[in-house]
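**Q** Here is what each chain is made of, one letter per residue.
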Amino acid sequence: MYRVWSVAHNTFIEAIRDRVLYSMFLFAALMILSTLVFASISADQYNKIVKDLGLTAISVIGIMISVFLGMGLVYKEIEKKTVYNIFSKPIRRYEFILGKYLGLGSTLLLLTIGMSVILLLVVLYTEITHGGMIEFYYGGHYYAQFFKAVYFQYLEFLVLIAIALVFSSFTTPIMSVLFTFLTLAMGKFSSDIKLFAQEVESPLVGYVTDFIYVVIPHLDSFNVRHEAVYGGEINWKLIFYTTGYAVLYTLALLKLSIVIFNRREFK
Amino acid sequence: MMLKVRNLIKDYKTGFFRKKVRVLHDVSFSVNEGEIYGFVGPNGAGKTTTFKAVLGFCSITGGSIEIMGKPLGDAELRRHIGYLPENPYFYDYLTGEELLRYMGGLHGISGGQLQKRVEGLLEKVGMSKDRRVQLRNYSKGMLQRIGLAQALINDGDFLILDEPMSGLDPIGQREINDLILEQKREGKTILLSSHILYNVEALCDRVGVIIKGRVVKEGELGELLKEIQTDYELLLDGVDESIRERLDGLDITLENKAGMVALRFNEDIKPAVLQRVMELKADIVSLQPRRKSLEELFVEETMKS
Ligand SMILES: Nc1ncnc2c1ncn2[C@@H]1O[C@H](COP(=O)(O)OP(=O)(O)OP(=O)(O)O)[C@@H](O)[C@H]1O
Ligand SMILES: [Mg+2]
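Quick note, the sequences are listed as chains A and B, same order. Using our numbering, count along the first sequence one by one with no gaps and you end on 267. Using our numbering, count along the second sequence one by one with no gaps and you end on 305.
Pulled out of the complex, with its shape left as it was, chain A reads as follows:
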């Protein structure tokens, strides 16, 4: 277990010492702050606009960071031959993959918390300047919705870095970015694929689309921004099922990464 922790720790250190990560985080902060401009020009919808745009900014930047950090996760270690150091030690290959995943997962946790805190401050600021503190006191529900949306978003990041990890364990960073974004795109439209599957006449196409529907990640189920902002319901049942789905899907991906990585030769 300590070996897994060591790999995770090092992955985390590598990420937070990466300058690109800082620029991306700064960019996210600026995007969130810029929502204030939109808020100031829309009199009564100010708060919804800030939250909607802010959560979208967190999502977009978070996805970019996940893919950016995930793409070279395993590939870089093989390419730069650091695997020779690692696997001359008693660590197993699956421990390495787990460590890598946990390291990146905690990096994204930190980033998600960081971005959410900034957004929360911006939301509070707009409320104060618009005299809406009452809502802050009496609208606990309002904030619970906000945190639920952030939590769902983090689940999406977790699935995404697992996808990037799979690709990274057998292909180059460029290919793995490509594949990850492709999967991402399919995942975002997974419910449309379901609809398509129900529409088509041909049974063969139906089976194929059914299969694709089952295999691709249902990333659109992690998007509860609309509910969070405009007061829809995010009940515990939904939270439970979505969490379960994210965990199972991630475990399957980790297993796949391990199977691929176990077969790799380092030369």
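FYI, nobody ran anything at the bench for these hints, they're computed from the structure. From a predicted model like this one, the values you see are computed outputs, not experimental measurements. No false leads were mixed into what you were given.
To give an idea of the interface, some chain B residues facing chain A are shown, with a C-beta separation under 7 Å as derived from the structure:
1) L55
2) F57
3) C58
4) A75
5) R78
6) R79
7) Y83
8) P85
9) Y89
10) Y93
11) G105
12) H107
13) G108
C-beta: ideal position from N, C-alpha, C; glycine also.
With chain A held as given, fit chain B with the ligands onto it using these hints.
**A** Relative to chain A, chain B with the ligands alone:
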């Protein structure tokens, strides 16, 4: 026996068409407990490839490898192994100290024990001063030292060092030399590769010579040196190659050298050769002991194969 490699064969598939290239043809050697074994050979002979196979980084095409009596592939075995890769590249964003802590962590060493080891090793390889410097700012020699330190982090019984002297100045080489000898005194077994032969001679108990993917010689360093060391070269003036006939029955080689004749022969027949030459009244320019360097041995063996 620490390591036993038998008839190892390794093919690489390269290029788009996955063309097979045989890199190791027939590698057999064994390393005994407590000795320093030198694995020597010219560039591209297959030293690094052999080490990678021993550590299980790549599959092998044929033959067998046994470490401490166990077949390859047991992760637990690596508990007892320390490995210094060739041209060690490490994470350049880590400091020397952080690298050692990480490598120790991969061995499952933690807390106070890890701290103590790290401190001790930094001291041992002379890197205490630069422990907080990021590896991206290390020189080649510093990387080599920190690399050696990480190989020692688990205090393993079997050290596999790929070109431990490369990139070091003479003082640095001497220090590493001493360090390796110290490890031997502590009872460690050491397998090291090199093409800098001087280092091998100063360090090793036994050597294996690998050329073009084949181990062509293996044995006690003393014997090997005897075999290659006891040549003499006698330079004669005022004679020509016909002198060979007059020296019939003696095992000599003859060579024209700047208008003179050079005779090469083994130590055993030195008196006989000298006596005949005196009788022939040839003009002796010089008599020099000649030590075939391992380079020449390489050349010889390469010619044979
Ligand atoms: N991954 C690989 N794919 C194809 N060929 C390889 C690969 N790695 C090494 N080789 C070839 O195998 C041969 C032996 O290489 P190796 O690195 O083992 O030599 P070496 O004895 O360590 O040499 P040096 O003294 O230069 O370190 C070389 O001809 C090299 O081109
Ligand atoms: Mg080599």
